Amino acid sequence: MSNTSLFERISGMFENVANQGHGSVLFVFFAGIVFGTIIQYVRADKFEKIAGFAMLKDTIVPKMLFLTVGLTSIGLYFMVENGYASYHVKPIILSGLIIGGVLFGASMAIMGKCPGTGPVSIAEGRVDVLVGAIGGVLGALFFTIFFEDLFKPLMGESMGKFTLPSLVPGYETISVLIFGSAVIAVAILIPKKELVDEADICQITGKKLEECEEEAKE
Amino acid sequence: MKRSIPWWLGGILMTMLLLFTFSILGADRPIGASTYIPYLAGLTFNLDPERYTYLKQIEDSGAWEGVFLLGMLIGGFFSSIFITKTFRISLIPTAWVKYKNNSVKSRMLYSFVSGFFMIIGARLAGGCTSGHFMSGMGQIAISAMVFGGVVLVTLIITGQLFYNLKQKDSNE
Numbered sequence: 210m211s212n213t214s215l216f217e218r219i220s221g222m223f224e225n226v227a228n229q230g231h232g233s234v235l236f237v238f239f240a241g242i243v244f245g246t247i248i249q250y251v252r253a254d255k256f257e258k259i260a261g262f263a264m265l266k267d268t269i270v271p272k273m274l275f276l277t278v279g280l281t282s283i284g285l286y287f288m289v290e291n292g293y294a295s296y297h298v299k300p301i302i303l304s305g306l307i308i309g310g311v312l313f314g315a316s317m318a319i320m321g322k323c324p325g326t327g328p329v330s331i332a333e334g335r336v337d338v339l340v341g342a343i344g345g346v347l348g349a350l351f352f353t354i355f356f357e358d359l360f361k362p363l364m365g366e367s368m369g370k371f372t373l374p375s376l377v378p379g380y381e382t383i384s385v386l387i388f389g390s391a392v393i394a395v396a397i398l399i400p401k402k403e404l405v406d407e408a409d410i411c412q413i414t415g416k417k418l419e420e421c422e423e424e425a426k427e
Numbered sequence: 002m003k004r005s006i007p008w009w010l011g012g013i014l015m016t017m018l019l020l021f022t023f024s025i026l027g028a029d030r031p032i033g034a035s036t037y038i039p040y041l042a043g044l045t046f047n048l049d050p051e052r053y054t055y056l057k058q059i060e061d062s063g064a065w066e067g068v069f070l071l072g073m074l075i076g077g078f079f080s081s082i083f084i085t086k087t088f089r090i091s092l093i094p095t096a097w098v099k100y101k102n103n104s105v106k107s108r109m110l111y112s113f114v115s116g117f118f119m120i121i122g123a124r125l126a127g128g129c130t131s132g133h134f135m136s137g138m139g140q141i142a143i144s145a146m147v148f149g150g151v152v153l154v155t156l157i158i159t160g161q162l163f164y165n166l167k168q169k170d171s172n173e
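Protein sequence lines, in the order shown, are assigned to chains A and B. Residue numbering for the first sequence follows the working numbering, beginning at 210 and increasing consecutively. Residue numbering for the second sequence follows the working numbering, beginning at 2 and increasing consecutively.
To be clear, the hints were calculated from the coordinates, so they are not data collected in a lab. It cannot be assumed that every hint is accurate.
Said to hold, decoys possible - Derived pair list, reagent style SDA-like, types lysine to any residue, alpha-carbon separation capped at 20 Å:
| # | chain 1 | residue 1 | chain 2 | residue 2 |
| --- | --- | --- | --- | --- |
| 1 | B | 57 | B | 47 |
| 2 | A | 402 | B | 62 |
| 3 | B | 167 | A | 405 |
| 4 | B | 57 | A | 215 |
| 5 | A | 401 | A | 390 |
| 6 | A | 402 | B | 167 |
| 7 | B | 86 | A | 405 |
| 8 | B | 86 | B | 166 |
| 9 | A | 401 | B | 47 |
| 10 | A | 361 | A | 307 |
| 11 | B | 86 | A | 307 |
| 12 | B | 101 | A | 336 |
| 13 | A | 266 | A | 402 |
| 14 | A | 361 | B | 62 |
| 15 | B | 101 | A | 265 |
| 16 | A | 416 | B | 57 |
| 17 | A | 361 | B | 118 |
This one's a predicted model, so the numbers in the text were calculated from it and none came from an experiment.
Please model the entire structure based on the sequences and the hints provided.
Here is the structure:
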């Protein structure tokens, strides 16, 4: 236990961000606001969107995600080439990625949120997601405490930080363009399906919430 | 009537935010959204980073994402009040009632347990939908593609097995 108050630890967080050279505190905070607003405005934070995708009844989230990946891959490549950005690639820790991916995917289908959309949902008043977040903080606590003994060995060694273009020397640009356009094509080709939350519609149109919840139960 | 923007506009706006954050004019780093959770756990339970090596490892990115999280909460709160007008205190999602059950207790329990394992999964893999799927695949990283593939398959298999899809559909 370090001998600091919660207030000191929180101000330490801001101090750290101010000194680490990855944008000012205000920039990071503002980027978070924009992120939250985009997620909210697409309605990607809704249970009906993410669990709905797991049920294959809603495809808004994968369409948006794949479009973002495709556009970003091409845009970022040219920014890096021209010195406006650099890659920050995560290592290939194979068993960590696979075991982690299975746990993550299954939990995401059941909770209907992920760590980026969950907070937006909590801010929208969803108490069940807040309960999930408490579970998440305890999961993170468990992970932190047993990191050395349990989780680090489970993750395995890093096999390096590769990107697709780095594996095809001489064809970097063309491989990025092919990857980017293929992913954008996937985003467009996934059939558009939507699972609507009746409770939202009623709230916007001004009908009583109780009526709508009754309707939804029928 | 729907108060939302289409998926393609969301994708374009998210790309602009990602690229700006990546750029040297922005933060010169990717967007991630799962490292803040162990960081917050360390902050809340007053764990010493000198003793818990994992906290030492994530000190900087955890703090960065902690500030980002504050922005997400504020952004989500104000947009749900002024833009989508969908802010309400609710305990159980409409589609959970429709495709699973109408028990608040069951929803809370599943939410808690899936939250617990979701974060362990994200930290084992070193990222989540934001850090791996969006930022990582945006860099065409092999690690992100492995994670993305496993998550997509597991997500859909779980969705098909966990929810009562056929029974309820035939009633409609």
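Comparing the hints with the structure gives:
At most 20 Å may separate the alpha-carbon atoms for a hinted pair to count; residue 57/B and residue 47/B meet this at roughly 13 Å. Of the supplied pair hints, the one linking residue 402/A and residue 62/B is violated, its CA atoms being roughly 36 Å apart against a limit of 20 Å. Between residue 167/B and residue 405/A the CA atoms are separated by roughly 18 Å; this keeps the pair inside 20 Å, and the hint holds. Straight-line distance between C-alpha atoms of residue 57/B and residue 215/A comes to about 18 Å, which keeps the hinted pair within the 20 Å bound.
A threshold of 20 Å between alpha carbons decides the hint, and for residue 401/A with residue 390/A the separation of about 19 Å falls inside it, so the pair holds. Distance check on the hinted pair: residue 402/A and residue 167/B sit about 17 Å apart at the alpha-carbon level, within 20 Å; holds. Our distance criterion of 20 Å between C-alpha atoms is met by residue 86/B and residue 405/A, whose separation comes to about 15 Å. For the suggested pair residue 86/B and residue 166/B, the alpha carbons sit about 29 Å apart, so the restraint of at most 20 Å is broken.
Annotation: proposed proximity of residue 401/A to residue 47/B is violated, straight-line Cα distance about 46 Å (limit 20 Å). With a C-alpha separation of about 14 Å, the suggested pair residue 361/A and residue 307/A falls inside the 20 Å cut-off, and the hint holds. At roughly 39 Å between alpha-carbon atoms, residue 86/B and residue 307/A are farther apart than 20 Å, so this suggested pair is violated. A hinted pair counts as satisfied when its Cα atoms are at most 20 Å apart, and residue 101/B with residue 336/A qualifies at roughly 18 Å.
Between residue 266/A and residue 402/A the alpha-carbon distance is near 6 Å, which keeps this suggested pair within the 20 Å criterion. Distance restraint check for residue 361/A and residue 62/B: the Cα-Cα separation of roughly 19 Å lies within the 20 Å cut-off, and the hinted pair is therefore satisfied. For the hint pairing residue 101/B with residue 265/A, the CA-to-CA distance comes to about 15 Å; that is within 20 Å, so the pair holds. Taking the CA atoms of residue 416/A and residue 57/B, the gap is about 51 Å. The hint is violated against a cut of 20 Å.
As the CA atoms of residue 361/A and residue 118/B are separated by approximately 16 Å, the hinted pair is consistent with the 20 Å bound.
The structure fails hints 2, 8, 9, 11 and 16 (numbered hints given earlier, in ascending order).
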